[in-house]
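Quick note, the sequences are listed as chains D and G, same order. For the first sequence, the numbering used here gives the first residue as 1, with consecutive numbering after it. For the second sequence, the numbering used here gives the first residue as 1001, with consecutive numbering after it.
Since the hints were derived computationally from the structure, they do not count as laboratory data. Please note: incorrect hints may appear among the correct ones.
[To be verified] Computed cross-link-like contacts, SDA-like style, restricted to lysine to any residue with a CA-CA straight-line distance of at most 20 Å:
{"id": "1", "chain 1": "G", "residue 1": "K1044", "chain 2": "D", "residue 2": "K62"}
{"id": "2", "chain 1": "G", "residue 1": "K1047", "chain 2": "D", "residue 2": "V5"}
{"id": "3", "chain 1": "G", "residue 1": "K1047", "chain 2": "D", "residue 2": "Q3"}
{"id": "4", "chain 1": "D", "residue 1": "K62", "chain 2": "G", "residue 2": "D1095"}
{"id": "5", "chain 1": "G", "residue 1": "K1044", "chain 2": "D", "residue 2": "A9"}
{"id": "6", "chain 1": "G", "residue 1": "K1068", "chain 2": "D", "residue 2": "Q43"}
{"id": "7", "chain 1": "G", "residue 1": "K1047", "chain 2": "D", "residue 2": "Q43"}
{"id": "8", "chain 1": "G", "residue 1": "K1047", "chain 2": "D", "residue 2": "K62"}
{"id": "9", "chain 1": "D", "residue 1": "K23", "chain 2": "G", "residue 2": "K1047"}
{"id": "10", "chain 1": "G", "residue 1": "K1044", "chain 2": "D", "residue 2": "P41"}
{"id": "11", "chain 1": "G", "residue 1": "K1044", "chain 2": "D", "residue 2": "G44"}
{"id": "12", "chain 1": "G", "residue 1": "K1047", "chain 2": "G", "residue 2": "E1106"}
{"id": "13", "chain 1": "G", "residue 1": "K1044", "chain 2": "D", "residue 2": "Q43"}
{"id": "14", "chain 1": "G", "residue 1": "K1047", "chain 2": "D", "residue 2": "N100"}
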Amino acid sequence: QVQLVQSGAEVKKPGASVQISCKASGYSFSNYYVHWVRQAPGQGLEWMGRIKCNDGSTIYAKNLQGRVTLTRDTSTTTLHMELNSLRSEDTAVYYCMRDNHAWSFDYWGQGTLVTLSS
Amino acid sequence: QSALTQPPSASGSPGQSVTISCTGTSSDVGGSNHVSWYQQHPGKAPKLMIFEVSQRPSGVPDRFSGSKSGNTASLTVSGLQADDEAEYYCSSYTDRNTWVFGGGTELTVL
């Protein structure tokens, strides 16, 4: 069965970087896109970016461009999201999701909480 | 890209129907058939309920339906059940090759 399993919660200091991993299984990895979104506490969903798993090409949300990097490792079918220069408003649950070829998100990871604390 | 506009709350009694709206612009909802809806229970990841405006993934009850008129998409939940109580988000692909979400609607089953 399709699964996206994310790495565990992180606590970071302002100005630091965080990397979250998302292990994909149960489907043909290179045939799909994977997106990332985040959800601040008590808030809605914010789209962050998308990676094409066969060639690694990316698209990012304009407000995060320059701070976020999406990569993938086809040998381990793992996606990575790195966010730099962390600030308090980056405290959120981060999700990876598979695109179902219809520009919608059919499978989601369990979410990774990133907390900023000085 | 501004978030799509959803009402913050909606409610209905068991067995009734409720419709949640999602208003965007001609750059997203109005110009795209890639509008989707997600259900999120507290502490859980969202779940895809509707894609391509009105398509249901397998396993989603036909009590859930979607539609679109102009720049506004709608999700209708018929025959409300207690487990339908959740937050609902719409999403749309945009003409800038990005995605945008609505602010979410909290559905309460009275």
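Check the hint pairing G:K1044 with D:Q43 against an upper bound of 20 Å on the C-alpha distance. Holds, at about 14 Å.
Given the hint that G:K1044 pairs with D:K62, test it: the Cα-Cα distance must not exceed 20 Å. 27 Å, violated
Satisfaction of hint between D:V5 and G:K1047, Cα-Cα up to 20 Å: 15 Å, holds
For the pair we were handed, D:K62 and G:D1095, check the Cα-Cα distance against 20 Å. 13 Å, holds
Does G:K1047 pair with D:Q3 here, judged by a C-alpha cut-off of 20 Å? OK: G:K1047 and D:Q3 at ~13 Å, within 20 Å.
Distance restraint between G:K1047 and G:E1106, which requires alpha-carbon spacing of 20 Å or less: 15 Å, holds
20 Å Cα cutoff - pair D:K23, G:K1047: 19 Å, holds
Are G:K1068 and D:Q43 close enough, with their CA atoms no more than 20 Å apart? 25 Å, violated
Check the hint pairing G:K1044 with D:A9 against an upper bound of 20 Å on the C-alpha distance. 15 Å, holds
Hey, G:K1047 versus D:N100, does the alpha-carbon distance stay inside 20 Å? Satisfied, since the Cα-Cα distance of roughly 13 Å is no more than 20 Å.
Sort out whether D:Q43 lies within 20 Å of G:K1047, counting only the CA atoms. Holds. G:K1047 to D:Q43 sits at ~17 Å (cutoff 20 Å).
Agreement of G:K1044 and D:G44 with the hint, judged by alpha carbon distance not exceeding 20 Å: Since the Cα atoms of G:K1044 and D:G44 sit roughly 13 Å apart, the hinted pair holds (cutoff 20 Å).
The earlier numbered hints that this structure contradicts are 1, 6, 8.
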